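2 protein chains.
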Amino acid sequence: MNWTPPKLFLTAITSTAVAMATAPVSAHAEAGSPIYGITIPDGYRQWEMIAPAEEAAPLNELRVVLGNPIAIKAIRNSTLPFPDGTILAKLAWKRVPSPEFAPASIPGTATTVQIMVKNLKKYAATGGWGFGRFINGKPADEAQHQSCFACHQALVKNHDYVFTRLAP
Amino acid sequence: MNWTPPKLFLTAITSTAVAMATAPVSAHAEAGSPIYGITIPDGYRQWEMIAPAEEAAPLNELRVVLGNPIAIKAIRNSTLPFPDGTILAKLAWKRVPSPEFAPASIPGTATTVQIMVKNLKKYAATGGWGFGRFINGKPADEAQHQSCFACHQALVKNHDYVFTRLAP
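Taken in order, these protein sequences are the chains called A and B. Just so you know, the working numbering puts 64 at position 64 of the first sequence, and the rest follows in order with no gaps. Just so you know, the working numbering puts 29 at position 29 of the second sequence, and the rest follows in order with no gaps.
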């Protein structure tokens with residue numbers, strides 16, 4: 001005879017699965033990122049848009065960088081280095097074909113939210129920047145965070161370690 | 001003997017050319033769009049980000065749609081049809097390779113700003129939407145505006161004539 005799970009048990013599993021599948025990437029992360037202790041800032045989804053970007057395969061993503069008011073003021077005024085308190089948030093989604101308009105690609109599943117926080121004293125060893133990379137609202141592992149600064153340092157040291165420019 | 005233009009004349013030409021080349025697309029349009037009389041709304045560049053998109057060749061553009069507070073509230077709540085007062089602003093740039101990070105494409109020259117305004121009474125003949133397409137802050141010609149509603153009607157009538165969805 002097969003074991004029949006009680007209905008409440010199944011409901012709990014289903015609810016959890018649905019919650020996990022639909023949990024927005026924007027959910028506030030409980031834990032901070034390895035190395036830097038950065039969390040996803042409240043309200044970041046409402047921040048002003050700095051610029052979009054696209055990342056080719058294999059990632060194949062559309063991205064938008066948003067900035068908090070300190071970041072926006074600095075980037076509009078071409079202020080370098082960025083002042084303490086600057087926060088940049090990069091949102092990324094899989095790039096998928098629009099089902100309604102053939103020439104267009106649009107955001108599919110959200111993949112990562114990536115945060116950069118400027119605090120010259122706290123993050124002195126990494127150009128004044130702390131990094132956080134979040135997948136489904138949870139910080140990625142330490143190995144991924146080890147790679148952040150090395151790449152920013154190698155490629156965009158002359159722009160205070162920030163790739164993104166303000167889109168006109 | 002060749003005619004030598006006075007220096008002031010050359011300076012005037014050069015200044016005008018530079019001004020035209022560098023005029024931000026975000027400049028407030030003096031004239032309204034043909035058919036609909038829509039202008040570029042003040043402060044639209046500060047509006048909240050709804051979603052990015054990419055348009056394939058020949059346009060080869062990166063785009064971001066921003067919305068005014070009425071638009072954002074409606075799209076967050078999946079309110080259809082969009083209420084009167086909704087304004088959507090689509091910003092577009094040529095998609096160019098990042099000079100700093102090979103897998104990425106970033107915004108190049110700004111190309112168009114496209115505005116949709118919901119006013120059920122004023123724009124009753126076009127699903128309640130007025131359209132404005134601006135190039136360097138100036139409205140495109142009437143022929144371009146004739147094509148707006150036909151395409152939105154054919155492809156996204158079931159989403160109140162709006163292509164863009166909120167990116168998660």
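To be clear, the hints were calculated from the coordinates, so they are not data collected in a lab. Note that the coordinates shown come from a computational prediction; the quantities given were computed from them, not determined experimentally. One should not assume that every hint holds.
Since the list gives no way to pick one copy over another, a pair counts as held whenever it fits inside one copy or between any two copies.
Here are the simulated DSBU-like pairs of lysine-lysine, each with C-alpha atoms no more than 35 Å apart in a straight line [unchecked claim]:
(1) LYS138 x LYS94
(2) LYS73 x LYS157
(3) LYS94 x LYS73
(4) LYS122 x LYS157
(5) LYS90 x LYS157
Structure-based check of all given hints:
Taking the closest pair of Cα atoms, LYS138 and LYS94 come within 35 Å of each other both inside a single copy (18 Å) and across two copies (34 Å). For a Cα distance limit of 35 Å, the shortest separation of LYS73 from LYS157 inside one copy, 20 Å, qualifies, whereas the shortest one across copies, 39 Å, does not. Taking the shortest alpha-carbon separations for LYS94 and LYS73, both the intra-copy value of 30 Å and the inter-copy value of 25 Å come in at or below 35 Å. Within a single copy, LYS122 and LYS157 get their C-alpha atoms as close as 18 Å, which meets the 35 Å cut-off; across copies the closest is 52 Å, which misses it.
In the homo-oligomer, the alpha carbons of LYS90 and LYS157 lie at most 35 Å apart both inside one protomer (19 Å) and across protomers (32 Å), since each shortest distance falls under that limit.
When the structure is compared with the earlier hints, no violation turns up for any of them.
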